[in-house]
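Chemist: For reference, the chains in residue letters:
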Amino acid sequence: MSTRKKNILKVIILGDSGVGKTSLMHRYVNDKYSQQYKATIGADFLTKEVNIDSDKVATMQVWDTAGQERFQSLGVAFYRGADCCVLVYDVTNTKSFQSIKSWRDEFLVHANVSSPETFPFVLLGNKIDADDSKKVVSNKDAQDLAASLGNIPLFFTSAKTAINVDTAFQEIARSALQQNQNDADAFEDDFNDAINIQLDNDTNSCSC
Amino acid sequence: MFSKIIFCKSKVFIHPSSVATDNVSGYIIITIDPNQSHQDALLYWFPENSLNSRELDWLNRADLKYGKPSASATSTSLISSAESMDDSILMDTKGTYLSFTVKMSSLYSMEFRPPSTSGWWHGSIILHPRSSGLETLPVLFFHDDVCPSTKLKQKALQKNFDPFSAGDIYWGGIDLQIVMSQLVDLQRTQVDPNFWLINASLEALRNFSNKDLKDFRTNTSEGYTASGKPKDKKSSAGFWDKWESTKWSIMSGIATATAKSEEYMTKLVNNHPAVKFVERNNDNPYVRNLLKNPKVQEIQNDFDSARIYLAKWSLGVKEEANKYKLDNQLNESYRRMLTNDLGFDVDADSSFTEEELNRVTQRNFPLTRQKWESFFDSQGRLAVTTREVKDFIFHGGVDTMELRQEVWMFLLEIYPWDSSKDERDQIDETLKEVYNTHKFQWMTQTFEDDQEDDYWKDQLFRIDKDVKRNDRHVDIYKYNTVNGEPEDTQPSEPRQAFDQSGEPNIEQTEDNNNNEVGDHFDEDDDDIESIDGHWSIKNPHLIILADILKTYNVFNPNLGYVQGMTDLLSPIYYIVRDEVKAFWCFVHFMDKMERNFLRDQSGIRDQMLTMTELCQLMLPQLSDHLNKCDSSNLFFCFRMLLVWFKREFKFEDICGIWEIFWTDYYSSQFQLFFMLAILQKNSEPIINNLNQFDQVIKYFNDLHNTMDWRDLMIRSELLFIRFEKLMSLMERKEELARSDTGPSPDLTSGDTPTPQLPIHSKHLQLLLSKKMVISKEQTRTLDSIR
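Residue numbers (our numbering), protein chains in the order written: chain A, 7 to 214; chain B, 21 to 806.
It should be emphasised that the hints constitute simulated quantities derived from the structure, not laboratory data. Any given hint could be a false lead.
Said to hold, decoys possible - Straight-line Cα separation of at most 27 Å, DSS-like style, residue types lysine-lysine; simulated pairs: (1) B:K796 / B:K745; (2) B:K485 / A:K140; (3) B:K753 / B:K612; (4) B:K171 / A:K54; (5) B:K477 / B:K459; (6) A:K38 / B:K123; (7) B:K410 / A:K141; (8) B:K612 / B:K485; (9) A:K54 / A:K38; (10) B:K441 / B:K123; (11) B:K670 / A:K38; (12) A:K140 / A:K101; (13) B:K85 / B:K175; (14) B:K796 / B:K782; (15) B:K24 / B:K558; (16) A:K38 / A:K62; (17) A:K38 / A:K146; (18) B:K648 / B:K459; (19) A:K140 / B:K175; (20) A:K107 / B:K477; (21) B:K485 / A:K38; (22) A:K101 / B:K485; (23) B:K477 / A:K101; (24) B:K670 / B:K701; (25) B:K410 / B:K441; (26) B:K485 / A:K107; (27) B:K85 / B:K171; (28) B:K745 / B:K670; (29) A:K62 / A:K101; (30) B:K558 / A:K101; (31) A:K146 / A:K107; (32) B:K718 / B:K670; (33) B:K796 / A:K140; (34) A:K141 / B:K558; (35) A:K141 / A:K38; (36) B:K477 / A:K141; (37) A:K54 / B:K441; (38) B:K648 / B:K701; (39) A:K140 / A:K107.
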């Protein structure tokens with residue numbers, strides 16, 4: 007069903023298993039953290055009221071997904087209608103960083119967004135609280151990747167110690183709202199087009 | 021003869037006549053041969069007068085030692101405390117007047133008739149052998165007032181008198197009952213609380229009715245007289261004998277009735293034909309003369325004191341009776357509800373029969389250890405059909421966590437059902453060897469190929485990652501210390517494999533999925549590891565979980581580790597508590613579950629398609645509504661189906677749910693009917709309140725810890741029965757239609773499209789099969805690492 011829910015911002019979190027997607031969601035929405043989140047199976051979401059630029063209020067729906075790649079093929083139903091996609095890697099895990107690009111591609115293939123070039127992504131390097139000795143992805147590499155993906159915003163976060171999580175989600179909310187309004191405008195246009203076509207048909211039938 | 025004595029009770033009498041001086045005092049003893057099954061334990065009764073003073077001394081000591089078992093004793097502790105029997109006693113009593121021996125397994129039932137509290141009559145037991153060919157056994161009366169062990173226990177009980185405990189009245193027979201219940205499966209019948217069935221078949225347990233009891237009593241009343249007398253044709257007591265045996269049924273009837281009202285109770289007593297007979301003929305001199313007979317006096321006294329007796333007895337049985345009544349009433353309204361909920365507006369053809377409802381709703385006969393042991397012969401080979409065993413498991417579950425340890429080895433087909441004990445020992449050996457070979461393989465492997473090396477390292481990473489975050493609220497997995505204990509506890513503290521209740525020791529605040537997760541974990545705890553996951557596993561149980569998963573990875577190299585597999589392994593290891601056995605149980609479970617984890621997701625997709633069709637057929641209204649909510653793909657079932665509801669139910673409940681699925685009793689895909697039952701149970705709130713895809717997902721994601729799985733299991737079974745009926749009904753209809761339209765319609769009218777009948781769906785057809793659905797992963801190639 008294509009009922010527009012203009013006041014709901016839909017945000018999808020993607021990334022390899024164990025990078026901290028569930029933790030980030032809970033930290034942002036409930037300001038809580040636990041070691042004990044089990045591996046996510048399927049998909050779940052939490053909602054939160056957000057103030058954007060101190061004058062706009064919206065409801066954000068944050069979707070947490072399974073990191074195991076093979077589960078994606080089935081769960082793409084919830085990609086649809088997304089307003090922003092958050093790509094997460096673990097700064098202590100190179101492989102998770104290398105997978106970012108394929109997560110973005112996967113999303114674009116299945117989400118069926120109207121203009122892939124402008125669709126907002128945000129990149130998060132999580133677990134920034136870890137010992138420096140454990141960090142294997144350099145900030146430079148991360149900045150390069152963000153740039154290559156179309157200058158998308160990049161944040162270094164820690165769901166455990168709450169570093170940068172709110173800041174990152176403020177940006178996520180802003181991008182999502184922007185996207186949501188663009189889409190709504192486009193939808194408006196589509197709607198007008200549809201009416202025009204209808205009118206054309208009518209004139210045609212009249213002239214018969 | 022190596023028999024050991026495990027029970028002895030003195031002052032157990034037979035009453036050959038109504039004259040007290042005729043009574044013969046004796047002993048009941050139970051002996052067991054440690055090399056044989058508990059089922060082969062022997063129960064003896066023999067008279068005191070057959071023994072010399074040395075033997076009497078021995079037995080009187082045994083009475084004190086073995087005459088009052090503690091209620092918490094287990095059959096193993098019984099045996100371990102047993103001592104060798106003085107064989108000469110058994111030899112000396114053989115063949116003496118009236119003495120007898122019965123094997124536990126040859127008993128069909130037993131009656132435990134408690135004494136009157138007013139002391140008018142003694143408590144007694146009657147043993148009913150299974151085969152009617154056996155000689156009938158006399159009634160045994162427990163003279164509690166002269167039995168040392170009983171008196172001691174009575175004294176102890178009085179000291180700890182609890183006026184609010186409304187249990188059974190204590191008497192000597194209770195001690196025997198406790199010991200018997202540890203040797204054989206002893207089940208009280210609902211129709212008569214004094215009547216107990218021994219190692220009964222599920223059929224007997226389900227259907228033992230008032231009528232059966234009556235039939236049983238009339239059939240066997242020929243064999244014994246209730247007073248325990250050898251049959252005596254001369255005595256004019258025919259009526260009275262019958263009277264005494266019916267007296268017991270009246271009494272039991274009254275016990276049940278006490279829950280109703282006193283008035284009703286009195287009416288019941290006064291209206292009984294026997295009571296009426298006595299009353300009506302009270303002025304008849306012959307009857308009056310008869311009433312002077314001591315035996316008749318005794319019975320009359322029974323009734324004079326009946327009210328006091330009942331008032332007191334009712335204290336003890338009221339709870340029982342109440343519960344029984346409540347159960348029955350509940351049962352009635354529950355059945356009505358189920359029929360309303362699941363019967364729909366169907367024609368008689370597919371509605372539930374009384375028998376089906378009986379079978380489905382009676383889930384109160386769990387598989388007990390005693391019952392389980394009674395299934396096997398002396399070589400440890402199953403002596404009943406697997407169907408019967410599975411019936412027990414499907415409808416009652418396995419009684420304790422400890423028993424699951426054994427039963428699951430059969431359910432998961434590690435042990436063939438028809439194997440002997442020796443064969444199973446052999447299997448254990450082989451499995452150990454094979455496991456170690458596989459484990460050795462990954463522990464020592466090195467890779468030439470970098471990509472293979474990367475793959476393996478990634479697998480290890482994934483496995484460790486999930487093991488570290490799976491079921492950490494469960495006692496054995498909780499603390500990451502080398503002994504699995506919290507660091508501050510005394511190391512000397514003994515820890516049992518299972519705690520007293522037989523249930524896993526799990527934090528009350530368990531909530532493993534959502535917002536509140538892990539709030540009970542103290543973040544300052546030493547075992548709380550840093551977020552980056554770079555900590556090593558020290559807990560021995562977690563190490564074993566990881567080792568098993570790694571070994572499985574080389575055992576089934578194509579599949580790879582997939583999230584959810586740890587969820588499947590953890591309860592198995594918890595129950596089996598042995599690395600090798602848990603591995604093989606997991607292997608067999610994965611035979612079934614591999615289809616859920618395939619790279620292309622075809623197996624889980626198939627099940628979700630099946631669910632969609634099943635839902636259309638069985639719950640059309642809900643199906644329509646889900647379509648409107650953009651949820652017809654049933655994505656919200658994904659998690660529940662993938663790990664068999666592991667995330668929605670408590671850890672201990674999952675054990676009960678899985679073992680039922682493993683029986684393949686109705687269908688090898690019974691989990692889909694359980695899923696259907698969840699949909700059915702929730703369909704009203706869904707239809708009334710939800711109208712968006714995300715709302716539906718949220719609703720189902722938040723169901724964990726809110727559902728009553730036993731109720732759902734009953735619904736699942738009824739849904740299956742109905743499904744089966746619908747399928748065969750449609751098949752019959754189609755056959756009829758075919759024969760109506762001529763011999764070969766497809767030749768004459770090839771263009772008629774086959775109607776979309778559910779019986780043509782291969783998905784639905786497959787649900788009727790008990791054969792395991794197996795889909796294996798394709799051979800792994802380098803780029804299929806996902």
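Chemist: All hints, please: hold or fail.
Modeler: To see whether the hints hold, each was checked on the structure:
1. B:K796 / B:K745: Violated, because 32 Å separates the two Cα atoms, which is more than 27 Å.
2. B:K485 / A:K140: 16 Å, holds
3. B:K753 / B:K612: Measuring from Cα to Cα gives roughly 34 Å; hence the hint is violated.
4. B:K171 / A:K54: 70 Å, violated
5. B:K477 / B:K459: 16 Å, holds
6. A:K38 / B:K123: This hinted pair is violated, its Cα atoms lying about 64 Å apart.
7. B:K410 / A:K141: 54 Å, violated
8. B:K612 / B:K485: Distance of about 24 Å is within 27 Å: holds.
9. A:K54 / A:K38: With a Cα-Cα distance of about 14 Å, the restraint between K54 of chain A and K38 of chain A holds, given a limit of 27 Å.
10. B:K441 / B:K123: 22 Å, holds
11. B:K670 / A:K38: Holds: K670 of chain B and K38 of chain A sit about 23 Å apart, inside 27 Å.
12. A:K140 / A:K101: Holds, at about 14 Å.
13. B:K85 / B:K175: Roughly 16 Å between the alpha carbons, so the hint for K85 of chain B and K175 of chain B holds.
14. B:K796 / B:K782: Holds. K796 of chain B to K782 of chain B sits at ~19 Å (cutoff 27 Å).
15. B:K24 / B:K558: Violated, at roughly 46 Å.
16. A:K38 / A:K62: The given pair, whose Cα atoms are some 25 Å apart, holds under the 27 Å limit.
17. A:K38 / A:K146: 30 Å, violated
18. B:K648 / B:K459: Cα-Cα ~51 Å, so violated.
19. A:K140 / B:K175: 70 Å, violated
20. A:K107 / B:K477: 22 Å, holds
21. B:K485 / A:K38: Holds, at roughly 21 Å.
22. A:K101 / B:K485: Since the Cα atoms of K101 of chain A and K485 of chain B sit roughly 14 Å apart, the hinted pair holds (cutoff 27 Å).
23. B:K477 / A:K101: 11 Å, holds
24. B:K670 / B:K701: It holds: about 19 Å lies between the C-alpha atoms, which stays within 27 Å.
25. B:K410 / B:K441: 20 Å, holds
26. B:K485 / A:K107: Measuring from Cα to Cα gives roughly 23 Å; hence the hint holds.
27. B:K85 / B:K171: 13 Å, holds
28. B:K745 / B:K670: Not satisfied, since the Cα-Cα distance of roughly 33 Å exceeds 27 Å.
29. A:K62 / A:K101: Status violated; Cα separation ~38 Å.
30. B:K558 / A:K101: 26 Å, holds
31. A:K146 / A:K107: Holds. K146 of chain A to K107 of chain A sits at ~16 Å (cutoff 27 Å).
32. B:K718 / B:K670: This hinted pair holds, its Cα atoms lying about 19 Å apart.
33. B:K796 / A:K140: 38 Å, violated
34. A:K141 / B:K558: 24 Å, holds
35. A:K141 / A:K38: Holds: K141 of chain A and K38 of chain A sit about 24 Å apart, inside 27 Å.
36. B:K477 / A:K141: Status holds; Cα separation ~18 Å.
37. A:K54 / B:K441: Between K54 of chain A and K441 of chain B the Cα gap is close to 61 Å, so the pair fails against 27 Å, i.e. violated.
38. B:K648 / B:K701: Roughly 19 Å between the alpha carbons, so the hint for K648 of chain B and K701 of chain B holds.
39. A:K140 / A:K107: Satisfied, since the Cα-Cα distance of roughly 23 Å is no more than 27 Å.
Comparing the model with each numbered hint stated earlier shows that hints 1, 3, 4, 6, 7, 15, 17, 18, 19, 28, 29, 33, 37 do not hold.
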